[in-house]
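Spelled out, the chains give:
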Amino acid sequence: MRKLSIVTALFAALAVSAFAEIDVKATIVKHLKTSRDFTLKVAEQMPDADYSFKLTPAQMSFGEQMVHLASSGEYFLSPMLGEKPKELKPASMKKADVIAFMKTSFDATIDKVSKLTPAQLTKTYEGEGGKQTGFDLLLGLLDHTTHHRASAEMYLRAKGITPAEYQF
Amino acid sequence: MKIAAVLVASVCYIGLAFAQDGHPMVDALVKHYQASKELTLAVADAMPAENYSFKATDAEMSFGEQMNHIAGANANYCAAGLETKSPLGKLDDASKAAAEKNINAAFDFCIDGLKKLTDAGLTKVTGTGARQATVFERFWGGFTHTAHHRGQAEVYLRLKGITPPQYKF
Numbered sequence: 016m017r018k019l020s021i022v023t024a025l026f027a028a029l030a031v032s033a034f035a036e037i038d039v040k041a042t043i044v045k046h047l048k049t050s051r052d053f054t055l056k057v058a059e060q061m062p063d064a065d066y067s068f069k070l071t072p073a074q075m076s077f078g079e080q081m082v083h084l085a086s087s088g089e090y091f092l093s094p095m096l097g098e099k100p101k102e103l104k105p106a107s108m109k110k111a112d113v114i115a116f117m118k119t120s121f122d123a124t125i126d127k128v129s130k131l132t133p134a135q136l137t138k139t140y141e142g143e144g145g146k147q148t149g150f151d152l153l154l155g156l157l158d159h160t161t162h163h164r165a166s167a168e169m170y171l172r173a174k175g176i177t178p179a180e181y182q183f
Numbered sequence: 053m054k055i056a057a058v059l060v061a062s063v064c065y066i067g068l069a070f071a072q073d074g075h076p077m078v079d080a081l082v083k084h085y086q087a088s089k090e091l092t093l094a095v096a097d098a099m100p101a102e103n104y105s106f107k108a109t110d111a112e113m114s115f116g117e118q119m120n121h122i123a124g125a126n127a128n129y130c131a132a133g134l135e136t137k138s139p140l141g142k143l144d145d146a147s148k149a150a151a152e153k154n155i156n157a158a159f160d161f162c163i164d165g166l167k168k169l170t171d172a173g174l175t176k177v178t179g180t181g182a183r184q185a186t187v188f189e190r191f192w193g194g195f196t197h198t199a200h201h202r203g204q205a206e207v208y209l210r211l212k213g214i215t216p217p218q219y220k221f
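In order, the protein sequence lines correspond to chains C and Y. Heads up, my numbering is the position in the first sequence plus 15, with the first residue counted as 1. Heads up, my numbering is the position in the second sequence plus 52, with the first residue counted as 1.
Same shape as in the complex, but just chain C:
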């Protein structure tokens, strides 16, 4: 009887954890992939000569926006992985190098997120942004990319280019 109830409890726990993990992590990975593809489209749309363009002096250049959003995966994931974020940089600020850097960074981020455990997602981490769970950090990563990509889309419009259709 006791054994049976333990087995029942085990199955119940597995069901809940699988539920939460499949739904949250798989959903986030799906949207990270869409975000990667959409952001790469925006990056492709700007001509190489305009990678140094900025709308106002206080802003980052188009290329800097791309590098900033692509390298931010390191910062959002490092608390969960218990690592210090690495300072990643492209070989140069030329379009081809920036895009190559973005592809590598996005894929590394997606790979790391897809390997996170339910415990890493639910744990609370103390960081610069205060207390955040792994779930918060992943949503923050997506939001941060959206925020900077939107700025970059305004740079495209200023150059007479209609940004790629919004994807989520």
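What the hints contain is simulated information worked out from the structure, not anything from laboratory work. This structure is a prediction, so every number in the text was calculated from the model and none was measured. All C-beta atoms in this analysis are idealised placements derived from N, C-alpha and C, irrespective of residue type, glycine included. It cannot be assumed that every hint is accurate.
As the list claims (entries may be wrong) - Under the rule of at most 16 angstroms between Cα atoms (straight-line distance), these lysine to aspartate or glutamate pairs were calculated in the EDC-like manner: (1) K56/C x E180/C; (2) K176/Y x E59/C; (3) K174/C x E135/Y; (4) K142/Y x E152/Y; (5) K176/Y x E135/Y; (6) K118/C x E59/C; (7) K99/C x E89/C; (8) K104/C x E89/C; (9) K138/C x E135/Y; (10) K99/C x E143/C; (11) K174/C x D110/Y; (12) K146/C x D79/Y; (13) K220/Y x E143/C.
Stated by the list, open to error - Across the chosen pairs, the derived CB separations fall in these ranges: (14) Y181/C x K83/Y: 23 to 33 angstroms; (15) D112/C x P139/Y: 41 to 51 angstroms; (16) Y181/C x K167/Y: 22 to 32 angstroms; (17) D126/C x R183/Y: 28 to 38 angstroms.
For chain C, the structure is supplied; the task is to place chain Y on it using the hints.
Below, chain Y alone, put in the same frame as chain C:
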């Protein structure tokens, strides 16, 4: 036997970490929706009323239209998640006063609706065919759509010589 029980207990603990502490996914969404409401209202407020008709290029929406679009779309995404109708009608008045009222109404509708949900409720699939999505995705879709348009609107502020409010999440 004892070891097995301990093992089961630890698995349960890890597995139920989300469930044990109320509804952490719902709580997280409420927290971030509140931050998004504050940031969006701060951006709306930073633009003077007379510049609500400003657009950076001809093809774009005016600043006021961006604000109304954020409000209307957010309410639609949340209504889909809550399987109800958006409380916002057609948003024709793109003045500062009207837009701020719409942003408040849309975010309050989303936040009040979220507070009534459970974490299990967030995993429910709604819609049919290609429009199928979980309730979580409806809310997160609305959230991301806001960030997309607010990010553009912040550049309108910069073009008017106004430094946008500090990003928050």
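Going down the list of hints, with the structure as the test:
1. Pair hint K56/C plus E180/C holds up; C-alpha atoms about 9 angstroms apart against a cutoff of 16 angstroms.
2. Pair hint K176/Y plus E59/C does not hold up; C-alpha atoms about 36 angstroms apart against a cutoff of 16 angstroms.
3. Between the alpha carbons of K174/C and E135/Y the distance comes to roughly 41 angstroms, so the proposed pair goes past 16 angstroms and is violated.
4. For the proposed pair K142/Y and E152/Y, the alpha carbon gap of about 15 angstroms is at most 16 angstroms, so the pair holds.
5. Annotation: proposed proximity of K176/Y to E135/Y holds, straight-line Cα distance about 11 angstroms (limit 16 angstroms).
6. Proposed proximity of K118/C and E59/C is supported: the alpha carbons are some 12 angstroms apart, at most 16 angstroms.
7. At roughly 8 angstroms between alpha-carbon atoms, K99/C and E89/C fall within 16 angstroms of each other, so this suggested pair holds.
8. Restraint check for K104/C and E89/C: the C-alpha separation of about 12 angstroms stays at or below 16 angstroms, so the hint holds.
9. Taken as a hint, the K138/C and E135/Y pair is broken in the structure, with Cα atoms around 31 angstroms apart against an allowance of 16 angstroms.
10. Among the hinted pairs, K99/C with E143/C is consistent with the structure: their alpha-carbon atoms are about 13 angstroms apart, no more than 16 angstroms.
11. Only pairs whose Cα atoms come within 16 angstroms are accepted, and K174/C paired with D110/Y is accepted, the gap being roughly 12 angstroms.
12. For the suggested pair K146/C and D79/Y, the alpha carbons sit about 14 angstroms apart, so the restraint of at most 16 angstroms is met.
13. Taking the CA atoms of K220/Y and E143/C, the gap is near 12 angstroms; set against the 16 angstroms cutoff, the hint holds.
14. Between Y181/C and K83/Y the Cβ separation comes to about 25 angstroms, which falls inside the hinted range of 23 to 33 angstroms.
15. Here the CB-CB span from D112/C to P139/Y is close to 49 angstroms, well matched to the stated 41 to 51 angstroms.
16. In this structure the supplied range 22 to 32 angstroms holds for Y181/C paired with K167/Y, their Cβ-Cβ distance being about 28 angstroms.
17. The hinted range of 28 to 38 angstroms is satisfied by D126/C and R183/Y, whose Cβ atoms lie roughly 29 angstroms apart.
Checked against the numbered hints given earlier, the structure breaks hints 2, 3, 9 and satisfies all the rest.
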